[in-house]
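Residue strings, one per chain:
Protein chains: 2
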Amino acid sequence: MQVKVVTRILEANDRMAEENRRRFAEAGLLAVNIMGTPGAGKTSLLERTIAALKPHLRIAVIEGDLMGSDDAERIGALDIPVVQINTGGACHLDANMISVVLADLPPLRELDLLIIENIGNLVCPAEFNLGEHMKIVVLSVTEGHDKPLKYPIMFQESKAMVLNKVDLLPYVDTDVEKVRRDALSLNPRLKLFEVSCRTGSGIDEWARWLRASRS
Amino acid sequence: MQVKVVTRILEANDRMAEENRRRFAEAGLLAVNIMGTPGAGKTSLLERTIAALKPHLRIAVIEGDLMGSDDAERIGALDIPVVQINTGGACHLDANMISVVLADLPPLRELDLLIIENIGNLVCPAEFNLGEHMKIVVLSVTEGHDKPLKYPIMFQESKAMVLNKVDLLPYVDTDVEKVRRDALSLNPRLKLFEVSCRTGSGIDEWARWLRASRS
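Chains as they are written, first to last, in the numbering used here: chain D, 331 to 545; chain S, 331 to 545.
FYI, nobody ran anything at the bench for these hints, they're computed from the structure.
All figures in this text were calculated on a predicted structure; none of them were measured in a lab.
Wrong hints could be hidden among the right ones.
Each pair may be met inside one copy or between any two copies, as identical chains are not told apart.
[As the list claims (entries may be wrong)] Here are the simulated lysine to aspartate or glutamate pairs, EDC-like style, with alpha carbons at most 20 Å apart:
| no. | residue 1 | residue 2 |
| --- | --- | --- |
| 1 | Lys-384 | Asp-442 |
| 2 | Lys-521 | Glu-507 |
| 3 | Lys-384 | Glu-349 |
| 4 | Lys-384 | Glu-403 |
| 5 | Lys-508 | Asp-400 |
| 6 | Lys-508 | Glu-403 |
| 7 | Lys-508 | Glu-457 |
| 8 | Lys-521 | Glu-348 |
| 9 | Lys-489 | Glu-535 |
| 10 | Lys-489 | Glu-403 |
| 11 | Lys-384 | Glu-440 |
| 12 | Lys-489 | Asp-534 |
| 13 | Lys-384 | Glu-487 |
| 14 | Lys-489 | Asp-409 |
| 15 | Lys-521 | Glu-535 |
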């Protein structure tokens, strides 16, 4: 009974996601869904990515949070169109939420890249397609090396993993080689990046790849 | 329609949680629900807490994970009864899961403290009572200082916040005073602890408080 209900919700979400995907494709827009735990550094990665790509691409951002608009204010300070979704208590964004807020962004034809920052959560967001072209999982080295095997769906669904906070590697016991190995065992085509949003290391390579993904 | 379904699920959960609570009370057992993001250090906190309290209390552990049994093996190595719940994809433990696995633990009357480690998730677990006497939120200083206001339910529902990884404070930009202030603004009676599960600092105070909470 409970399972049936969930199935219907996911089916309805998938239909709306297809509609979003069609709109993004018509506009020639790359839509990216950024996921990861609270504190992995998703907003910091957005800030660095926008700084790197703003000279080349017309970017807009959708921020998802349970409540508050701190993240949207951080992104808005970069002079980028941004809209905040507050889910109340809900633990993930869904395709309908995205569809609704597209009306609050510039016309899609005037954009090249739409970055969606999902709710901080390594579980639920992976199951809800938003119509994005690709999902990206952000993981920080302070989270330990056991995360890919414990939260496999996120890593199976993602096109790339951005391993953040590598500046802290000297101070933690995380075995990065195990993170890489386990993530690739779940998803052999997963693209791996290692960055520090604090120092900026690795951002150029990530941003170049993201830019090239558009074409 | 969707809201009604969720309400019914929560009501059914609350009924089962009350039944668990009654069983814990009859047995004179303190049941604690440990929550936090993936990588906050919940399992490390359990290891430190068990080492500190094992001479004084008869302890058992329920481990919640999407899949795998790494955490249960870490706890089992401490020679403590432990049972692993694998939720498949589900993002939180619920009261029924707890009820089912109680049969795999020693008789409750032979235990003093039951520690339940929830799924790594700062959102959903806060909404599902398990019948525990108290919820504890574990937050690490590497997650930044904006988490209480962005994930308020978790902090409102918890009896104590354990701020972990304080050994990393020299290397991150987290404003711990803001974390404290925001957490207390959401829940003025929240008890705050600052620990490092890596060095062991602060563990004694936390363990003393937990032990005293039983009486």
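Now the hints, each set against the structure:
1. Within a single copy, Lys-384 and Asp-442 get their C-alpha atoms as close as 10 Å, which meets the 20 Å cut-off; across copies the closest is 58 Å, which misses it.
2. Proximity of Lys-521 to Glu-507 under the C-alpha cut-off of 20 Å is restricted to the intra-copy arrangement: shortest distance 14 Å within a copy versus 38 Å between copies.
3. When the C-alpha separation of Lys-384 and Glu-349 is checked against a cutoff of 20 Å, the pair qualifies neither within a copy, at 27 Å, nor between copies, at 57 Å.
4. Within a single copy, Lys-384 and Glu-403 get their C-alpha atoms as close as 17 Å, which meets the 20 Å cut-off; across copies the closest is 48 Å, which misses it.
5. Proximity of Lys-508 and Asp-400 under a CA criterion of 20 Å is satisfied inter-copy only: 14 Å between copies versus 34 Å inside one chain copy.
6. For the homomeric pair Lys-508 and Glu-403, the shortest alpha-carbon distance between copies (18 Å) is at most 20 Å, but the shortest distance inside one copy (36 Å) is not.
7. Neither within a single protomer nor between protomers do Lys-508 and Glu-457 lie at most 20 Å apart by alpha-carbon distance, with minima of 25 Å and 33 Å respectively.
8. Taking the shortest Cα distances, Lys-521 and Glu-348 never come within 20 Å of each other, neither inside one copy (25 Å) nor across copies (47 Å).
9. Taking the closest pair of Cα atoms, Lys-489 and Glu-535 come within 20 Å of each other only inside a single copy of the chain (15 Å); across copies the shortest separation is 44 Å, beyond that limit.
10. When the C-alpha separation of Lys-489 and Glu-403 is checked against a cutoff of 20 Å, the pair qualifies neither within a copy, at 28 Å, nor between copies, at 31 Å.
11. Taking the closest pair of Cα atoms, Lys-384 and Glu-440 come within 20 Å of each other only inside a single copy of the chain (14 Å); across copies the shortest separation is 63 Å, beyond that limit.
12. For the homomeric pair Lys-489 and Asp-534, the shortest alpha-carbon distance inside one copy (18 Å) is at most 20 Å, but the shortest distance between copies (44 Å) is not.
13. In this homomeric assembly, Lys-384 and Glu-487 never come within 20 Å of each other (Cα to Cα): the closest approach is 27 Å inside a single copy and 41 Å across copies.
14. Within a single copy, Lys-489 and Asp-409 get their C-alpha atoms no closer than 28 Å, and across copies no closer than 41 Å, so neither meets the 20 Å cut-off.
15. In this assembly of identical chains, the alpha carbons of Lys-521 and Glu-535 lie at most 20 Å apart only when taken from the same copy (12 Å versus 44 Å across copies).
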